[in-house]
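Since the structure of chain A is already known, use the hints to place chain B on it.
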Amino acid sequence: MELLWLIPAWPLLGFLILTCLAARLPRIMAGSVGVGSVGAAALTALLMAWDFLKHQPGRNAFTQHLWTWLDVAGLHLEIAFYLDALTLVMIIVITGVGFFIHLYSLGYMAHDQGYTRFFAYMNLFVAAMLVLVLADNLPLLYLGWEGVGLCSYLLIGFWYTDPANGYAARKAFVVTRVGDTAMAVGLFVLYNQLGTLQIQEVMQRAAAAWPAGSTMALLTALLLLGGAVGKSAQLPLQTWLPDAMAGPTPVSALIHAATMVTAGVYLIARTHGLFLLAPTALTITAVIGAATLLLAGFSALVQQDIKRVLAYSTISQLGYMFLALGVGAWSAAIFHLFTHAFFKALLFLGAGAVIHALGGEQDMSRMGGLKQKLPLTFWTFLAGAASLAALPLVTAGFYSKDLIIWQAFASPRGGLGFWFMAVAGALLTALYTFRMVLLTFTGPARTPVHHPPGLVMRLPLLVLAFLSLTAGFLETPHSLGHMRVFSGWLHTCLPEAGLAAGREAYEILFELLAGLAALCGIFGALRLYHPLAKSRYSLPESLRQYWIKGWGFDSLYDRLVVRPYIHLAQFNKNDFLDLFFVFLAWLAKTGHQTLAATQNGRLRSYAWGLGLGAAAIAAMVVLL
Amino acid sequence: MHRPDFIALAPLLILALSAAAVMLAIALRRNHLSAMGLSLTGLGAALTALPLMARYTPRTVTPLLIMDHFALFYTGLILAATAVVIVLSYDYFSQKDDLPEEAYLLLLLAALGAVILVCARHVAALFLGLEILSVSLYALIAYTRDRNISIEAGIKYLVLAAVSAAFLLFGAALIYAHTGALDFQQLGALLKAEPSGRPALILLAGLGFLVVAVGFKLALTPFHMWTPDIYQGAPAPVTAFVATVSKGAMAALLVRLFTPTDLPHWPALYLFFTAMAAASMAAGNLLALLQTNVKRLLAYSSIAHMGYLLAALLFSGQKAAVVMTFYLTVYVVSILGCFGIIAILSSKERDADTCQDLQGLFFRRPLLTGVFTTMLLSLAGIPLTAGFIGKFYVVSAGVENAHWFLVIILVVFSGVGLFYYLRVIIAMFSPSLDEGLVPSPALPALSAPVVLTLTFLSTLVLWLGVWPSWFLATLEKMLG
Numbered sequence: 013m014e015l016l017w018l019i020p021a022w023p024l025l026g027f028l029i030l031t032c033l034a035a036r037l038p039r040i041m042a043g044s045v046g047v048g049s050v051g052a053a054a055l056t057a058l059l060m061a062w063d064f065l066k067h068q069p070g071r072n073a074f075t076q077h078l079w080t081w082l083d084v085a086g087l088h089l090e091i092a093f094y095l096d097a098l099t100l101v102m103i104i105v106i107t108g109v110g111f112f113i114h115l116y117s118l119g120y121m122a123h124d125q126g127y128t129r130f131f132a133y134m135n136l137f138v139a140a141m142l143v144l145v146l147a148d149n150l151p152l153l154y155l156g157w158e159g160v161g162l163c164s165y166l167l168i169g170f171w172y173t174d175p176a177n178g179y180a181a182r183k184a185f186v187v188t189r190v191g192d193t194a195m196a197v198g199l200f201v202l203y204n205q206l207g208t209l210q211i212q213e214v215m216q217r218a219a220a221a222w223p224a225g226s227t228m229a230l231l232t233a234l235l236l237l238g239g240a241v242g243k244s245a246q247l248p249l250q251t252w253l254p255d256a257m258a259g260p261t262p263v264s265a266l267i268h269a270a271t272m273v274t275a276g277v278y279l280i281a282r283t284h285g286l287f288l289l290a291p292t293a294l295t296i297t298a299v300i301g302a303a304t305l306l307l308a309g310f311s312a313l314v315q316q317d318i319k320r321v322l323a324y325s326t327i328s329q330l331g332y333m334f335l336a337l338g339v340g341a342w343s344a345a346i347f348h349l350f351t352h353a354f355f356k357a358l359l360f361l362g363a364g365a366v367i368h369a370l371g372g373e374q375d376m377s378r379m380g381g382l383k384q385k386l387p388l389t390f391w392t393f394l395a396g397a398a399s400l401a402a403l404p405l406v407t408a409g410f411y412s413k414d415l416i417i418w419q420a421f422a423s424p425r426g427g428l429g430f431w432f433m434a435v436a437g438a439l440l441t442a443l444y445t446f447r448m449v450l451l452t453f454t455g456p457a458r459t460p461v462h463h464p465p466g467l468v469m470r471l472p473l474l475v476l477a478f479l480s481l482t483a484g485f486l487e488t489p490h491s492l493g494h495m496r497v498f499s500g501w502l503h504t505c506l507p508e509a510g511l512a513a514g515r516e517a518y519e520i521l522f523e524l525l526a527g528l529a530a531l532c533g534i535f536g537a538l539r540l541y542h543p544l545a546k547s548r549y550s551l552p553e554s555l556r557q558y559w560i561k562g563w564g565f566d567s568l569y570d571r572l573v574v575r576p577y578i579h580l581a582q583f584n585k586n587d588f589l590d591l592f593f594v595f596l597a598w599l600a601k602t603g604h605q606t607l608a609a610t611q612n613g614r615l616r617s618y619a620w621g622l623g624l625g626a627a628a629i630a631a632m633v634v635l636l
Numbered sequence: 484m485h486r487p488d489f490i491a492l493a494p495l496l497i498l499a500l501s502a503a504a505v506m507l508a509i510a511l512r513r514n515h516l517s518a519m520g521l522s523l524t525g526l527g528a529a530l531t532a533l534p535l536m537a538r539y540t541p542r543t544v545t546p547l548l549i550m551d552h553f554a555l556f557y558t559g560l561i562l563a564a565t566a567v568v569i570v571l572s573y574d575y576f577s578q579k580d581d582l583p584e585e586a587y588l589l590l591l592l593a594a595l596g597a598v599i600l601v602c603a604r605h606v607a608a609l610f611l612g613l614e615i616l617s618v619s620l621y622a623l624i625a626y627t628r629d630r631n632i633s634i635e636a637g638i639k640y641l642v643l644a645a646v647s648a649a650f651l652l653f654g655a656a657l658i659y660a661h662t663g664a665l666d667f668q669q670l671g672a673l674l675k676a677e678p679s680g681r682p683a684l685i686l687l688a689g690l691g692f693l694v695v696a697v698g699f700k701l702a703l704t705p706f707h708m709w710t711p712d713i714y715q716g717a718p719a720p721v722t723a724f725v726a727t728v729s730k731g732a733m734a735a736l737l738v739r740l741f742t743p744t745d746l747p748h749w750p751a752l753y754l755f756f757t758a759m760a761a762a763s764m765a766a767g768n769l770l771a772l773l774q775t776n777v778k779r780l781l782a783y784s785s786i787a788h789m790g791y792l793l794a795a796l797l798f799s800g801q802k803a804a805v806v807m808t809f810y811l812t813v814y815v816v817s818i819l820g821c822f823g824i825i826a827i828l829s830s831k832e833r834d835a836d837t838c839q840d841l842q843g844l845f846f847r848r849p850l851l852t853g854v855f856t857t858m859l860l861s862l863a864g865i866p867l868t869a870g871f872i873g874k875f876y877v878v879s880a881g882v883e884n885a886h887w888f889l890v891i892i893l894v895v896f897s898g899v900g901l902f903y904y905l906r907v908i909i910a911m912f913s914p915s916l917d918e919g920l921v922p923s924p925a926l927p928a929l930s931a932p933v934v935l936t937l938t939f940l941s942t943l944v945l946w947l948g949v950w951p952s953w954f955l956a957t958l959e960k961m962l963g
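For the record, the sequence lines run as chains A and B. Each position in the first sequence, counted from 1, maps to that position plus 12 in the working numbering. Each position in the second sequence, counted from 1, maps to that position plus 483 in the working numbering.
Okay, chain A solo, but in the shape it has when bound (with noise of 0.2 angstroms):
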């Protein structure tokens, strides 16, 4: 386990040779360089969970002391990593999916003229994340933090020669930045109560200090919440997240659907201590995730960009786990995201070779008929969809959304309210999920395919659909064979969840009724959206146009924050404390015409000066 630096090491290593070899690499070994990194880190991370599951360290958690990061005033922090079950659940996912991911881009931008520039990108992305997940300490976790919020602001600004493209990007890495600063006042509170910064230690100290409901839990888990909202993209910061998908597909399935935006839930999990001192926080949790599920939900039914479709779909997920959090599943929670991570990223994959094939095309009413052009995209693309309506025991998602809808109602802080509403978002996503596979695939040609994929895309592809399919087997309900690997796992360090009395009664048919709406979802698409279908039911434009805006939010901000600020920057367009310097600099300009009036080059007048100077001295000699 002395090992474990090395999983962030290696694409850091990877990074820097990309960087400082660039244009000197040949396109073959920076691919190699770039995806070989990320390979290491993650045969690197399996040997970590073999020794992990092998050793069971004590405490049921490993710290790596490295060295003193800094040591000033009282403030001793480390570079140190912390691995336990979350932890390794999360490197698991990052260095695994990471690297098929990467696998894919060999393929994917294979022609692309920043090439090597992407790899680099995209290994620094990976060992930021690593870190984040990692840290030991609350700073580190920043450091990882900000690292993977600046690795997205460049990459989703990669094809910066389109100017939209680095709206999008400055947009990502604004928006996110709010809840950043949230975050960092969260992280100066901490420090400046309890003295600590080291995770662990905090949440020791937090709870010998505060009693549960006290007004500085509620404060503190309110600003790291802040900050888990604003990198998970949910109400109220969701709005970067759909024009983040302006980067290069692989990004957007590696940053903005499996790895980065679930830091936000990371963050809660690994805090989890705070938050169970805040119920009050927990409870605002819960509420915008539920919230967020639907209201990204309904965006995502309307969208013609299937990346949008995606990126919706995913603050829609993430909503999901958020709930997961606010009632108290954490490992229902976790288990989504590493379901979600694997269907995602294949779904994103697949709508890449599809865009890939079609020379740039996104728009998926220009789609279609590409069931038998694009086979294997087709039938692997259709297991990611079918994981993410939660098509009933065969696939994954089932298995991680079921657990969450039936903790929502069942866990002493859900209610059938918060069921409702879950259940709700399970239909709406079955059917977007399989009006995107339909418009996509079915139906008459429009676009024809230029580039159908090659092995190094196919290959993720397979690997992936097929983990989506089965990663959902670790944990099943009581009803379905009762598996409880990944809890079991996962509670070494997450509590469990607890059962309201008297609900266990319900599970299985609120189960049947958790199915039934998928199945419903996928019906209603079939019917609606199917080629043959006869039906044609279409909504009203203006709420068509409403929901397609991502309910508007944008035009909001846009008046609420936006113009204010530029009328206010237009304004005091000459700072006026500028005056001063300005000022200032009149001043030494002038002494300086002054004085250079005075070297005139005259050597009667050079003579004078010395004159002078001797007089002065004189004067002085008899004056004082």
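Hints listed in this document are in silico derivations from the structure and should not be mistaken for laboratory results. We put the beta carbon where it would ideally sit given N, CA and C, even for glycine. Among these hints, one or two may not hold up.
[What the hints assert, rightly or not] What follows is a set of in silico ranges between Cβ atoms, one per label pair, in the way DEER data are often shown:
#  : chain 1 : residue 1 : chain 2 : residue 2 : range
1  : B       : Phe912    : A       : Ala219    : 50 to 58 angstroms
2  : B       : Ile891    : A       : Leu636    : 20 to 28 angstroms
3  : B       : Ala956    : A       : Phe595    : 41 to 49 angstroms
4  : B       : Thr775    : A       : Phe595    : 35 to 43 angstroms
5  : A       : Leu82     : B       : Phe912    : 47 to 55 angstroms
6  : A       : Pro507    : B       : Pro866    : 49 to 57 angstroms
7  : A       : Gly178    : B       : Phe912    : 25 to 33 angstroms
8  : A       : Gly371    : B       : Phe902    : 49 to 57 angstroms
9  : A       : Leu78     : B       : Ala956    : 29 to 37 angstroms
10 : A       : Ser226    : B       : Val949    : 47 to 55 angstroms
[To be verified] Reference listing, derived: stretches of chain B covered by chain A, where coverage requires no fewer than 3 residues with Cβ under 8 angstroms from a Cβ of chain A:
#  : stretch
11 : 646 to 656
12 : 690 to 700
13 : 708 to 719
[Said to hold, decoys possible] Chain B is faced by these chain A residues, among others (derived, beta-carbon under 7 angstroms):
#  : residue
14 : Val594
15 : Ala597
16 : Leu599
17 : Ala600
18 : Gly603
19 : His604
20 : Leu607
21 : Gln611
22 : Tyr618
23 : Gly621
24 : Leu622
25 : Ile629
26 : Val633
27 : Leu636
What follows is chain B alone, placed relative to chain A:
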């Protein structure tokens, strides 16, 4: 004179002998390389003599000279700086002048004068050293005879230096009239014995006129006006010599003269020194602000630096010698580097001393630009360079002794000064103005000794900037 006296005087004797040897060699057969080789050998021999004679110090040799640790250190500095100037001169003169050999003769003589200055313990020795130095400089400044600007600079320097020498003699006469002594040590004792408050007018006036001469040589405001014209007119290596050896020797003399005296004891002098320091820092930095000629800019910058140096003298009392010597060494190294680069870039017709000449240098000569940038940053006092450490010691001495007025002036005008150093650096890193229109002048290939010298200088600047403790400890042991 006994044998130890001769040994103690070895550096002076070797210098004088090698000057004579160079003169004879030229008379026999003109050869640029051998003239330079002879001079360098002489300097090298004098430098090697220093550690050997260290055993015989401190020793008073005749009533005129004293060889102590202080003299030893400064002699070493002068000899090393002269050697650097000679290395730079070889490349510089070999492409410009048909009769370059006498420059070495003059440089050796000037160095001899400077060494006498730092060893002086008597006003007569002071005058002797000063005149040997000055007379050599008149010729050196005007050495590029085909340039009007050099001739003009030579004449200006001649007239003004003569006036200042007159002040020196007059001041010395007044002092002698009052005390009957010209020996520094005797003078010091007599001055201490003077009743505080209002010492005799005639003595004070004498000291004041002495200060005029020192102030002129150091180019302290208001005696600074000659500097830019002479710096600009003189050939670049000679400018380097004026800026380093000539000023350094005079600064050393200042330290020797005034560290033992209790300056605040003499309000008139103290006030005048304070005013000179403040005015030099202000005028030097302000004058350099918009200057586009780099040689003139460095002239103004040196005025400011001499202001900082004088401030160090006022700040640090007993420790003045160490602080000032450190500062001066750093200044000498940085200035030598700057003028070295200008000398390298200069063409047969004129020196490369305008900002246009440096425009885009980075893209043609990245390493030279790196060295120049290091030197300029050191002069500006940016951390990781020796200049920062030097300035830091000056400021910390000022803060320690609560000389707030001068400290504030120093900090404010150092800030102003940053502007013009950065302007030069920016010019070097900006793309050339005439890119593609006019082929940029072919730069001469660098000779190995020049490369070696520049490497040595920049290593020194960075080394003293990162790890100054060894050098400081040595200085404290020698001078403390």
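Each hint tested on the structure:
1. A hinted range of 50 to 58 angstroms holds for the C-beta pair B/Phe912 and A/Ala219, which are about 56 angstroms apart.
2. Between B/Ile891 and A/Leu636 the beta carbons are some 23 angstroms apart, a value that agrees with the proposed interval 20 to 28 angstroms.
3. B/Ala956 and A/Phe595 have their C-beta atoms about 45 angstroms apart, which keeps the hinted 41 to 49 angstroms range intact.
4. A beta carbon spacing of about 24 angstroms between B/Thr775 and A/Phe595 contradicts the range 35 to 43 angstroms that was offered as a hint.
5. With their beta carbons about 33 angstroms apart, A/Leu82 and B/Phe912 fall outside the hinted range of 47 to 55 angstroms.
6. Distance hint check for A/Pro507 and B/Pro866: the Cβ-Cβ separation is about 51 angstroms, which falls inside the suggested range of 49 to 57 angstroms.
7. Taken as a hint, the range 25 to 33 angstroms holds for the pair A/Gly178 and B/Phe912, whose Cβ atoms sit roughly 27 angstroms apart.
8. Between A/Gly371 and B/Phe902 the Cβ separation comes to about 55 angstroms, which falls inside the hinted range of 49 to 57 angstroms.
9. The beta-carbon spacing between A/Leu78 and B/Ala956, approximately 36 angstroms, falls within the hinted interval of 29 to 37 angstroms.
10. Our hint of 47 to 55 angstroms for A/Ser226 and B/Val949 holds, since their Cβ atoms are close to 51 angstroms apart.
11. With 3 residues bearing a CB less than 8 angstroms from a CB of chain A, the stretch 646 to 656 of chain B meets the requirement of three and the coverage assertion stands.
12. With 6 residues having a beta carbon nearer than 8 angstroms to a beta carbon of chain A, the stretch 690 to 700 of chain B meets the requirement of three or more and the stated coverage holds.
13. Residues of the stretch 708 to 719 of chain B lying with their CB closer than 8 angstroms to a CB of chain A number 4, which satisfies the three-residue condition for coverage.
14. Against a cut-off of 7 angstroms between C-beta atoms, the interface hint on A/Val594 is violated, since the closest Cβ of chain B lies about 14 angstroms away.
15. A distance limit of 7 angstroms between C-beta atoms decides the matter here; for A/Ala597 the minimum to chain B is near 9 angstroms, and the interface restraint is violated.
16. Taken as an interface hint, A/Leu599 does not check out: its beta carbon lies about 10 angstroms from the nearest beta carbon of chain B, beyond 7 angstroms.
17. Because the closest C-beta pair between A/Ala600 and chain B is about 6 angstroms apart, less than 7 angstroms, the hint holds.
18. Among the interface hints, the one on A/Gly603 holds; its C-beta lies about 4 angstroms from the nearest C-beta in chain B, closer than the 7 angstroms criterion.
19. Checking A/His604 against chain B: minimum C-beta separation of about 4 angstroms stays under 7 angstroms; hint holds.
20. Hint on A/Leu607 holds. Least Cβ distance to chain B is approximately 5 angstroms, under the 7 angstroms limit.
21. Interface hint at A/Gln611: satisfied, since its Cβ lies 6 angstroms from the closest Cβ of chain B, which is below the 7 angstroms cut-off.
22. Taking 7 angstroms as the C-beta cut-off, the interface hint given for A/Tyr618 holds, the closest approach to chain B being about 4 angstroms.
23. Using the Cβ-Cβ criterion of 7 angstroms, the hint placing A/Gly621 at the interface with chain B is satisfied: the shortest such distance is roughly 5 angstroms.
24. Checking A/Leu622 against chain B: minimum C-beta separation of about 6 angstroms stays under 7 angstroms; hint holds.
25. With its C-beta approaching chain B no nearer than about 4 angstroms, A/Ile629 sits inside the 7 angstroms limit, and its interface hint holds.
26. For A/Val633, the suggested interface contact is upheld, since its CB lies about 5 angstroms from the closest CB of chain B, less than 7 angstroms.
27. A least Cβ separation of about 4 angstroms between A/Leu636 and chain B falls short of the 7 angstroms threshold, and the interface hint therefore holds.
In summary, the numbered hints that this structure violates are 4, 5, 14, 15 and 16.
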